[in-house]
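There are 4 protein chains.
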Amino acid sequence: MAVDLTPSPDVAELARRTAEFVREVVIPVEEANDGVARSEEIRAALQSGAKDAGVFAPHVGTEYGGHGLDMRGRAAVFEEAGYSLLGPLALNIAAPDEGNMHMLEAIATGEQKERYLRPLATGDIRSCFAMTEPAPGAGSDPGALTTRATRVPGGWRIDGRKWFITGADGAGFAICMARTSGEPGETGGATMFLVDADNPGMTSVRHIDTLDESLYGGHIELVFDNCVVPDEAVLGEVDEGFRYAQVRLGPARMTHCMRWLGIARRAQDIAVARAAERELFGSRLGELGMVQQLIADSEIDIAACRGLILQACWELDQGRSASQSTSIAKTFCAEAIWRVVDRAVQICGSLGISGDLLLGRFLREVRPFRIYDGPSETHRWAIARRVLRRHDAKAAR
Amino acid sequence: MAVDLTPSPDVAELARRTAEFVREVVIPVEEANDGVARSEEIRAALQSGAKDAGVFAPHVGTEYGGHGLDMRGRAAVFEEAGYSLLGPLALNIAAPDEGNMHMLEAIATGEQKERYLRPLATGDIRSCFAMTEPAPGAGSDPGALTTRATRVPGGWRIDGRKWFITGADGAGFAICMARTSGEPGETGGATMFLVDADNPGMTSVRHIDTLDESLYGGHIELVFDNCVVPDEAVLGEVDEGFRYAQVRLGPARMTHCMRWLGIARRAQDIAVARAAERELFGSRLGELGMVQQLIADSEIDIAACRGLILQACWELDQGRSASQSTSIAKTFCAEAIWRVVDRAVQICGSLGISGDLLLGRFLREVRPFRIYDGPSETHRWAIARRVLRRHDAKAAR
Amino acid sequence: MAVDLTPSPDVAELARRTAEFVREVVIPVEEANDGVARSEEIRAALQSGAKDAGVFAPHVGTEYGGHGLDMRGRAAVFEEAGYSLLGPLALNIAAPDEGNMHMLEAIATGEQKERYLRPLATGDIRSCFAMTEPAPGAGSDPGALTTRATRVPGGWRIDGRKWFITGADGAGFAICMARTSGEPGETGGATMFLVDADNPGMTSVRHIDTLDESLYGGHIELVFDNCVVPDEAVLGEVDEGFRYAQVRLGPARMTHCMRWLGIARRAQDIAVARAAERELFGSRLGELGMVQQLIADSEIDIAACRGLILQACWELDQGRSASQSTSIAKTFCAEAIWRVVDRAVQICGSLGISGDLLLGRFLREVRPFRIYDGPSETHRWAIARRVLRRHDAKAAR
Amino acid sequence: MAVDLTPSPDVAELARRTAEFVREVVIPVEEANDGVARSEEIRAALQSGAKDAGVFAPHVGTEYGGHGLDMRGRAAVFEEAGYSLLGPLALNIAAPDEGNMHMLEAIATGEQKERYLRPLATGDIRSCFAMTEPAPGAGSDPGALTTRATRVPGGWRIDGRKWFITGADGAGFAICMARTSGEPGETGGATMFLVDADNPGMTSVRHIDTLDESLYGGHIELVFDNCVVPDEAVLGEVDEGFRYAQVRLGPARMTHCMRWLGIARRAQDIAVARAAERELFGSRLGELGMVQQLIADSEIDIAACRGLILQACWELDQGRSASQSTSIAKTFCAEAIWRVVDRAVQICGSLGISGDLLLGRFLREVRPFRIYDGPSETHRWAIARRVLRRHDAKAAR
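Residue numbers (UniProt numbering), protein chains in the order written: chain Z, 1 to 397; chain P, 1 to 397; chain C, 1 to 397; chain S, 1 to 397.
It is worth saying that the hints were derived from the structure and are not from the lab.
Take the hints with a grain of salt, since some may be wrong.
Since the list gives no way to pick one copy over another, a pair counts as held whenever it fits inside one copy or between any two copies.
[To be verified] Below are the DMTMM-like pairs computed for lysine to aspartate or glutamate, each with C-alpha atoms no more than 25 Å apart in a straight line:
#, residue 1, residue 2
1, Lys-394, Asp-269
2, Lys-51, Asp-124
3, Lys-394, Glu-24
4, Lys-51, Glu-31
5, Lys-394, Glu-31
6, Lys-394, Glu-287
Sequences and hints are given; from them, build the entire structure.
Spelled out as structure tokens, the structure:
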């Protein structure tokens with residue numbers, strides 16, 4: 001038994017079919033809509049197409065209609081889905097639904113699964129994950145959490161403000177992180193709550209206008225004001241919210257990387273096509289050394305992303321926390337994917353910044369990934385601290 | 001007599017007043033409009049404000065109501081104007097009008113100056129510069145020019161297609177570059193023509209949707225089809241168009257750098273303010289080493305841009321072609337300004353990619369500068385070739 | 001069956017023992033000798049130690065006293081050996097012997113194996129690979145080969161000049177690449193010859209003084225002048241030398257990466273130890289954000305190297321040419337390893353450039369790796385060309 | 001009066017003669033000695049040559065036999081001297097003598113000037129500046145100074161340890177920084193002392209082996225043990241040592257930049273010559289795009305260095321502290337010069353890392369400049385802090 005990088009035949013086949021579906025069904029819709037699905041009709045049509053193609057919900061257990069892929073399997077399939085901005089929506093593996101399903105499957109009670117996971121898995125409803133708060137609340141530092149949940153008879157009352165809550169517009173429910181004990185700045189004491197969209201205590205205050213626009217359901221500012229939920233709304237155990245967030249976080253980081261790696265590959269393919277076809281100064285663009293350097297650097301970046309994602313996914317599949325390897329992969333991928341798209345824009349020149357190609361759109365969509373799911377700086381800090389602790393532990397022996 | 005970096009008192013005072021005008025008058029308008037002037041009313045109001053503040057048209061000769069600044073003077077004043085996306089429009093020094101005025105002042109006949117330069121200098125009309133063509137025409141390689149002007153009795157007939165013609169929507173006239181002799185691929189044989197907007201042979205085909213949106217009058221695709229102009233429409237001498245383009249190009253490159261350097265400084269100021277005020281992990285954001293590195297690197301980039309711009313401007317003011325120093329400055333500035341804005345986004349985190357700040361807008365606006373006025377790759381190629389020729393000349397001695 | 005990154009227990013155990021041997025036996029010798037083995041005594045002592053520790057010659061088949069590791073197994077073990085500059089010499093896996101053994105095992109006749117491979121595998125003799133020539137001969141472009149072998153009765157006569165022939169001083173034999181047909185600039189027509197050290201036609205002209213010094217046996221300039229060898233000296237088939245060079249090249253590139261990755265890890269460990277222990281401005285060096293960034297970036301680089309090496313090794317073990325993945329891995333690793341060592345120097349400050357640590361030595365040793373085994377630029381050119389060919393093939397369908 | 005970049009005719013002429021002297025006299029000596037002057041004979045011959053050429057001691061006042069150049073003048077001349085590793089030694093403007101002369105001229109008493117400055121200015125003696133201490137003493141943080149000077153009748157007794165004291169071997173005297181009040185960690189309380197080489201209380205403990213080797217007189221570890229000096233040994237005022245260090249520091253940083261910029265230009269010229277002459281894949285190396293990119297990037301770096309040096313020098317000549325602009329210039333130059341030399345190595349390939357060219361030597365010599373005179377990280381920290389203080393001051397208004 002040695003290291004083996006051959007994907008299982010099932011995964012390979014599902015990835016192949018996903019690639020085909022994206023190419024034939026999704027990309028035409030994407031190109032016709034500037035990369036943004038702006039209506040429920042588009043979402044429904046894409047998801048219906050994915051079901052027909054047998055590629056829908058690859059990550060969810062078969063009992064919920066999915067393919068039950070582990071993280072390594074997702075790495076192969078999500079990258080293919082991510083080849084179009086609308087691929088993940090079509091397969092029902094877009095953020096934040098995908099991460100929420102992952103967490104619900106791991107933590108929710110049977111009843112919660114029936115009520116929330118099942119319709120989510122089929123695409124009948126969508127969801128959001130309400131964690132981030134405006135400064136000085138929970139942002140790069142989750143421990144700064146200020147939203148409070150206080151005990152009321154038969155349940156809890158949630159009060160606080162959340163923002164950049166992706167997908168909240170139109171979501172059937174929110175998973176809200178609130179402090180049930182301790183004070184902002186302390187690392188424990190958070191609890192996750194399932195809040196139905198029709199709860200009068202949860203209000204969408206505004207769409208936050210952002211550089212990126214393709215994540216379905218927008219980035220929303222939510223206010224929880226006297227938002228009362230029953231005991232059954234607690235997801236997992238009280239005061240264990242930060243631990244569950246970690247359960248969600250590592251895999252969610254990786255699936256972001258997988259999807260955006262798909263866009264990086266797409267950008268590279270667009271640029272390579274341009275380099276192959278455009279003539280300049282008497283030769284093909286792709287025969288000019290500086291263009292070759294851009295192409296090669298992107299090829300290297302893409303390969304390195306894939307290696308780092310695989311390493312982290314394999315650790316996650318072993319049941320390890322993989323906090324170091326997911327931090328490493330997330331930091332590198334977010335920056336490498338950005339570089340790849342930026343190089344593609346440069347290769348395509350004025351066309352690259354025009355709407356005639358989708359590269360400008362891609363550039364806008366991938367930039368925030370260097371910030372969400374932990375800014376690169378926060379991850380670097382965490383990576384270095386783990387290295388130093390490893391050293392200290394060794395030195396203490 | 002030694003090297004002296006003290007700006008003249010007049011220039012220093014004009015720069016100071018420009019900075020004040022931008023801060024007090026322009027930025028409020030910019031922030032209320034997401035950085036984009038979308039109506040003639042806004043343009044008129046801004047330009048009227050600049051006239052009241054005595055900062056209008058600093059680059060044009062006093063006989064046309066301007067301040068007659070040389071390139072070094074422009075470096076100081078344009079940077080201050082560029083501190084807001086709308087500052088250059090307000091001062092009437094936005095591209096492409098500013099470069100067109102520069103060229104008309106240098107080349108046009110007295111009559112042409114009265115008819116085109118005077119109303120342009122006052123802001124009564126706008127203009128565009130129709131050079132770039134879709135592949136395989138004039139782009140990174142101007143010599144590939146395919147638009148033709150053929151002799152007709154009493155004038156010329158122009159036929160061809162141009163795109164990415166900035167400011168063409170609403171412009172009073174276009175300066176159109178067309179081939180009057182030779183074949184595409186040859187470096188001579190171009191002529192510049194002044195074409196009035198109401199010439200039925202010149203048609204705007206479409207607005208090209210681009211990543212950037214703040215340059216007034218859009219990026220337009222123009223078709224010249226049986227576009228007849230009289231002999232008086234020739235700007236300068238027949239067949240000398242490429243030489244004049246060089247007259248325009250060097251200075252126009254530099255004024256782009258100056259204006260965008262203003263935006264870089266603005267982005268840095270926004271980020272520094274955020275770093276000074278935001279608390280994270282128990283300290284000011286600006287006390288964290290990685291944030292300090294971002295701030296310092298941007299400070300270095302800004303200082304280096306200024307030094308390179310100054311060098312090139314000084315050469316231009318000596319009447320030198322300054323082709324090497326403007327290539328160097330353009331390449332470095334376009335990339336450095338981009339880095340500065342990108343770092344500012346990163347420092348501000350999720351706020352940085354939201355519409356609550358203008359940084360995402362700045363990022364979109366400065367990206368194309370690495371492509372227009374010569375892509376970085378083309379400039380690097382030209383820089384290296386000049387270095388090699390310099391070596392060959394030395395070696396031959 | 002899915003992707004599996006668990007190393008086999010045998011490999012894991014050999015890697016563990018190698019690490020222990022390097023730490024306990026090799027590093028003391030390395031530190032006492034400034035990283036350079038300057039005598040046969042040192043080499044003999046180290047190799048004898050490796051034999052005692054049961055870690056000698058891990059790459060060679062068991063019939064020659066080795067462990068028969070495939071490329072994936074080498075990746076794990078060579079990295080541990082490379083943790084010291086003298087580890088590879090100790091294990092008998094240093095360049096160029098290691099690559100020569102690999103090739104002899106694959107190509108040589110039984111008789112040649114007994115005569116050359118067996119004593120090489122035991123460390124009784126050393127060898128060199130005489131391919132590179134001074135300009136305008138075979139360098140970045142192997143096809144420029146000018147050394148000639150001409151038919152003489154019963155054998156061949158070799159004439160030409162080679163340089164940068166690593167390990168030639170004291171080698172028992174050379175594998176010399178010479179042109180048996182065709183002209184310089186043509187890609188075929190090369191043959192490999194086994195030339196004994198005592199052949200009077202092969203002379204060492206000089207030691208080339210280089211930035212790096214740790215590769216045993218130096219970088220030598222060799223002259224072949226009327227060097228007559230018998231027919232049995234031909235390695236493999238006549239005129240097939242370039243094809244065999246490819247057999248050697250891919251794996252040799254990867255084993256270079258593995259060994260130097262070990263040094264990168266070592267440099268990182270030295271820097272982390274320093275960052276953990278040194279106090280500055282009232283805190284541990286490792287608590288300063290910019291130092292954390294350096295540490296994290298190196299951690300990321302090391303992880304990415306490992307992923308890329310593994311991918312290429314797996315392909316090689318499948319019997320694939322792996323030319324793209326070895327080019328990608330080589331280019332990235334050579335540059336990343338350099339960055340890691342450079343960052344370690346920076347973290348350690350003045351100590352980092354002093355002989356009190358070995359980091360300055362490491363910096364000198366790894367720099368040439370961005371040049372030998374194909375300069376980064378040549379690999380990028382090859383990578384981009386393969387991408388473009390892939391596109392062309394697809395587009396032609 | 002406007003910004004003017006024309007050097008004064010005197011400076012231009014001295015720079016021209018310096019360039020000529022370096023080319024004709026210094027470089028042959030440098031190339032014959034691997035860039036390192038290893039004997040007093042070499043030093044004497046070079047300095048005698050510089051006197052004959054009328055280019056000796058350009059920075060010292062005419063009353064001491066120099067040319068009395070201000071900082072802007074030095075920028076032009078020192079860069080030419082720095083074009084060879086031995087140029088600064090020849091002109092008597094090498095570190096640390098040059099900085100010491102600068103400080104003595106500014107601070108010393110008339111008597112001290114006669115005794116120390118005059119023979120230093122003529123090259124009859126050399127000197128060193130004993131400030132840096134092993135951890136946890138004065139290094140990146142000068143305030144950590146631990147060497148003590150205590151009052152004794154008629155003078156002071158100095159005790160402490162210094163290291164990396166450049167030029168100490170053979171120096172006629174040392175300027176030693178010692179704490180006369182306060183505790184390590186406090187920013188005041190240091191005094192500078194002139195200590196004669198024959199003082200029995202000052203002992204050279206060892207030559208520190210370093211990556212760089214060309215600075216004459218080595219990097220020495222010095223022990224001050226019961227080192228008694230008279231009151232006249234105090235340079236300037238007691239307890240004002242840190243302030244004087246600043247007087248020395250800003251200009252010394254800049255002269256380092258100037259000299260090393262000369263080496264960067266030299267490296268670029270060597271690489272360009274190679275690129276112009278070497279044929280590869282059927283064209284000149286310099287016609288390959290990736291090589292052109294390396295050349296262009298170095299050209300840009302060199303130009304940017306020059307602009308930043310000039311800005312800082314101009315500020316210094318105005319009598320300003322220029323702490324921000326010298327930090328900016330030092331940080332950028334140290335890194336840019338390193339990049340330029342590294343690119344030159346890469347362009348020259350295997351020749352670049354061989355002793356046949358001096359590029360490997362240059363690489364070794366310039367690496368430490370990113371560490372001494374303040375590591376890049378310390379400067380970045382200082383730069384950012386000044387920016388934040390500027391913001392705070394504005395915000396407080």
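So, going through the hints one by one against the coordinates:
1. Taking the closest pair of Cα atoms, Lys-394 and Asp-269 come within 25 Å of each other only across two copies (11 Å); inside a single copy the shortest separation is 46 Å, beyond that limit.
2. Taking the shortest Cα distances, Lys-51 and Asp-124 sit within 25 Å of each other inside one copy (13 Å), while across copies they are farther apart (59 Å).
3. In this homomeric assembly, Lys-394 and Glu-24 come within 25 Å of each other (Cα to Cα) only across copies, at 16 Å, whereas the closest approach inside a single copy is 54 Å.
4. Taking identical chains as interchangeable, the C-alpha atoms of Lys-51 and Glu-31 lie at most 25 Å apart only when both belong to the same chain, with a minimum of 21 Å there against 45 Å between chains.
5. Taking CA atoms no more than 25 Å apart as the test, Lys-394 paired with Glu-31 passes between copies only; the shortest distance there is 21 Å, against 54 Å inside one copy.
6. With identical chains, the CA atoms of Lys-394 and Glu-287 are at most 25 Å apart between copies only, with a shortest distance of 18 Å across copies and 51 Å within one.
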